[in-house]
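Enquirer: Below are the chains, spelled out letter by letter.
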Amino acid sequence: MITGKRFAAGFCALFAALSMGLSPTSAVADDEPDDGGSGPAPKVELLLDASGSMRARDIDGKSRMAAAKQAFNEVLDATPESVDLGIRTLGANYRGDDRKTGCKDTEQLYPVGPLDRADAKAAVATLAPTGWTPIGPALLKAADDLKGGEGSRRIVLISDGEDTCQPLDPCEVAREISAKGIDLTIDTLGLVPNTKMRAQLSCIAEATGGTYTSIRHTDELTDRVGQLVDRAADPVVRPVAVEGAASCAAAPELKPGVYTDRTGFGEHRWYRVDVEPGQELRASVSVAADRAVTNDYGVLMRAVTKHGREIVRGSEAGDGRTDAISTGLRYPKPEQDDDEAETEPVCLQVSHSYAPASGDAAATKGKPGLPVELAVDIVDAPDDASDVAAFGLGRGWWLLGALVLTGFVGGLVWGWVARWRVAVWRTS
Amino acid sequence: MRTTRLLAAAGLAALTALLASGAALAAPTDKDDTSRSDAGTSFRTATEIEQGHRATASASTGDYLYWSFPADAGQRPTVKATVKLPESAAGRPDTRWRVDVYDGLRRRQPCMYGMQSRPADAAKVDLTCVLRPVRAWSDPWSNDPLPGTYYIRLTATGLKTADLGSPVTAEVEATSKDIGGSAAVDGTLAKPLVPGASVDTDDTADSGSRAALSTAEPEDGWASGWWTDRWLWTGAGGVLAALAGIGGYALTRGNGRPPSGA
Numbered sequence: 000m001i002t003g004k005r006f007a008a009g010f011c012a013l014f015a016a017l018s019m020g021l022s023p024t025s026a027v028a029d030d031e032p033d034d035g036g037s038g039p040a041p042k043v044e045l046l047l048d049a050s051g052s053m054r055a056r057d058i059d060g061k062s063r064m065a066a067a068k069q070a071f072n073e074v075l076d077a078t079p080e081s082v083d084l085g086i087r088t089l090g091a092n093y094r095g096d097d098r099k100t101g102c103k104d105t106e107q108l109y110p111v112g113p114l115d116r117a118d119a120k121a122a123v124a125t126l127a128p129t130g131w132t133p134i135g136p137a138l139l140k141a142a143d144d145l146k147g148g149e150g151s152r153r154i155v156l157i158s159d160g161e162d163t164c165q166p167l168d169p170c171e172v173a174r175e176i177s178a179k180g181i182d183l184t185i186d187t188l189g190l191v192p193n194t195k196m197r198a199q200l201s202c203i204a205e206a207t208g209g210t211y212t213s214i215r216h217t218d219e220l221t222d223r224v225g226q227l228v229d230r231a232a233d234p235v236v237r238p239v240a241v242e243g244a245a246s247c248a249a250a251p252e253l254k255p256g257v258y259t260d261r262t263g264f265g266e267h268r269w270y271r272v273d274v275e276p277g278q279e280l281r282a283s284v285s286v287a288a289d290r291a292v293t294n295d296y297g298v299l300m301r302a303v304t305k306h307g308r309e310i311v312r313g314s315e316a317g318d319g320r321t322d323a324i325s326t327g328l329r330y331p332k333p334e335q336d337d338d339e340a341e342t343e344p345v346c347l348q349v350s351h352s353y354a355p356a357s358g359d360a361a362a363t364k365g366k367p368g369l370p371v372e373l374a375v376d377i378v379d380a381p382d383d384a385s386d387v388a389a390f391g392l393g394r395g396w397w398l399l400g401a402l403v404l405t406g407f408v409g410g411l412v413w414g415w416v417a418r419w420r421v422a423v424w425r426t427s
Numbered sequence: 000m001r002t003t004r005l006l007a008a009a010g011l012a013a014l015t016a017l018l019a020s021g022a023a024l025a026a027p028t029d030k031d032d033t034s035r036s037d038a039g040t041s042f043r044t045a046t047e048i049e050q051g052h053r054a055t056a057s058a059s060t061g062d063y064l065y066w067s068f069p070a071d072a073g074q075r076p077t078v079k080a081t082v083k084l085p086e087s088a089a090g091r092p093d094t095r096w097r098v099d100v101y102d103g104l105r106r107r108q109p110c111m112y113g114m115q116s117r118p119a120d121a122a123k124v125d126l127t128c129v130l131r132p133v134r135a136w137s138d139p140w141s142n143d144p145l146p147g148t149y150y151i152r153l154t155a156t157g158l159k160t161a162d163l164g165s166p167v168t169a170e171v172e173a174t175s176k177d178i179g180g181s182a183a184v185d186g187t188l189a190k191p192l193v194p195g196a197s198v199d200t201d202d203t204a205d206s207g208s209r210a211a212l213s214t215a216e217p218e219d220g221w222a223s224g225w226w227t228d229r230w231l232w233t234g235a236g237g238v239l240a241a242l243a244g245i246g247g248y249a250l251t252r253g254n255g256r257p258p259s260g261a
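One line per chain: the protein sequences are A and B, in this order. Using numbering that gives the first Met the number 0, read the first sequence as starting at 0 and increasing by one per residue. Using numbering that gives the first Met the number 0, read the second sequence as starting at 0 and increasing by one per residue.
Please keep in mind that the hints were generated in silico from the structure rather than gathered at the bench. Using N, Cα and C, we set each Cβ at its ideal position, and we do this for glycine too. Mixed in with the good hints, there may be bad ones.
[Unchecked claim] Just a few of them, taken from the derived set where beta-carbon distance is under 8 Å, the chain A residues facing chain B:
#1 A124
#2 S201
#3 T210
#4 L299
#5 V311
#6 V378
#7 A380
#8 D383
#9 V403
[Said to hold, decoys possible] Restricting the straight-line Cα-Cα distance to at most 16 Å, the calculated cross-link-like pairs of lysine to aspartate or glutamate (EDC-like) are:
#10 A:K179 to A:D144
#11 B:K83 to B:D37
#12 A:K195 to B:D162
#13 B:K190 to A:D383
#14 A:K332 to B:D138
#15 B:K190 to A:D379
#16 B:K190 to A:D382
#17 B:K79 to B:E170
#18 B:K190 to A:E175
#19 A:K61 to A:D218
#20 A:K305 to A:E252
All chains, please: the whole structure from these sequences, using the hints.
Expert: Below is the structure:
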């Protein structure tokens, strides 16, 4: 019995220790920087079509121009202080029939800068529906207006007709702009649109990662423009432009951050990241489809050593309508004990298998390619698993049964041994 | 013998109490509903939401809407999305709305079950995606869900040009079921898969107003990774084994006194 008591006491103590030490705790959170300070001002330009067709009275019984003016007034009132807002018109001045002149008709109504609401509203009030619809040239000018500064840039194009200044395709212009300027988004709004106009405006939007909306009512217009201006005010991480090389040896080095590049069809891009022992490389890539592509596509990112050995890869494939396809990989480099442990250059190879839709002549030349966004992080390497289960602990009724059985058998054997020893002691 | 029985009873009582407290600690915490009225349009601009909160956004057909939410180890997230279509956009069986979920590395995560995609043939489209349980660690070569940020992407596929741009309202909600110890694997990540995790800490000093890729974090912080109900099971197993051992010993050893008269 003494042995038995000691056993029981021992287990009670063990149990107490377990129940005291094992209450769950929550991890201490990292301190987050406070957002909402005075960062670089985001810039927005509202680009309003003031062509003759804006006279049509088909939005809530008012003319399209009146609806746009009303929406602008409300949006100007609600624009956040942090946003630099400008207004540009297209087709507002030239009344004549000369295409060449008409297609140059775009004017900055209110310069991009800190907003003076009264001035801006007065400028809007002077607008009258007049001339042509030179969307392409106006987009180029608007992109110039937004040049400079560190904040995000957004063009909101409001139009009621397709571009009348062919052969300059506004969609192609949008792609060129997005290839040049970084992080410029064009959102388009079509007033009472027809199919052809929808196709053109949504093409412009998709080329720059923007959105397209059809407008039939004034409140829709007000809400949407307001929403887009608010979106611009949200602080966003701006990617850094980088140009990947054609081989691992020539690849540019990337520090943790977000990068943007363009890669053509069938092209491979290489980047290099230095990883120290005990660190984990995390990389994600998304390749956006900014033009018409065929319905099946994929993306592949491989992490390769400088000797060409593949360490790990991320790949993804998809079909149907998409804005982008993305994948990622992580490579934890184990801690090394010897003194020769040194930084390892890891090459990242990015390729995609989009194919240009037939009839896209510009795309087949491979320039300017599709936009690639690359996010690189370096953090500490994880604690590797030494067992499948957490700490090698068990779980479930089978475990309990097995332990009870083992304990019971152990007890029996111990009891027999004790009995036998007593018998031996008594006989000797 | 009586002492042994008493001890066994006390041990079992303590065990039940501990198991019950474990269950109480695992209970989800409720929080009032706050909603955001906009969604992001890319991974970088995704609107951050918390689990259990319903987020709404007004958008147009053809938009790609992004939200992000944090999910921790031991949770099995469920993403529910509802799209309300106007008459002009409803009744088009060719158009399918779909919801995709991506992890913090922008890797697409498969849905275990749930209707991930539905045709837009009614005024309301309900979509669901139940993810696999989030694990604390996995091989770099596997696609297992890990603790960190999860992105929701909601969009329509198979759109005709004539259907583009119609106003719709989208609602998403991410909830999760506590899976507990059955998904508790060994190993932990040094940091959860939150994009920009390394950039944020470096830049905290020089500018406080920088935009972050993702600041996702569960309400009560990330789990430290060592708590699992496997401790309870294993501990209980040990106690039961000890009791069984004492029982077995008592059976064979007799009452502890040498047999009299032998």
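Enquirer: All hints are to be evaluated individually against the structure, with a verdict given for each.
Expert: Tested hints:
no.	hint	result
1	A124	violated (28 Å)
2	S201	holds (5 Å)
3	T210	holds (5 Å)
4	L299	violated (13 Å)
5	V311	holds (5 Å)
6	V378	holds (4 Å)
7	A380	holds (6 Å)
8	D383	holds (5 Å)
9	V403	holds (5 Å)
10	A:K179 to A:D144	holds (14 Å)
11	B:K83 to B:D37	holds (15 Å)
12	A:K195 to B:D162	holds (12 Å)
13	B:K190 to A:D383	holds (13 Å)
14	A:K332 to B:D138	holds (12 Å)
15	B:K190 to A:D379	holds (7 Å)
16	B:K190 to A:D382	holds (10 Å)
17	B:K79 to B:E170	holds (8 Å)
18	B:K190 to A:E175	violated (39 Å)
19	A:K61 to A:D218	holds (12 Å)
20	A:K305 to A:E252	holds (13 Å)
Of the numbered hints given earlier, the model fails hints 1, 4, 18; all others are met.
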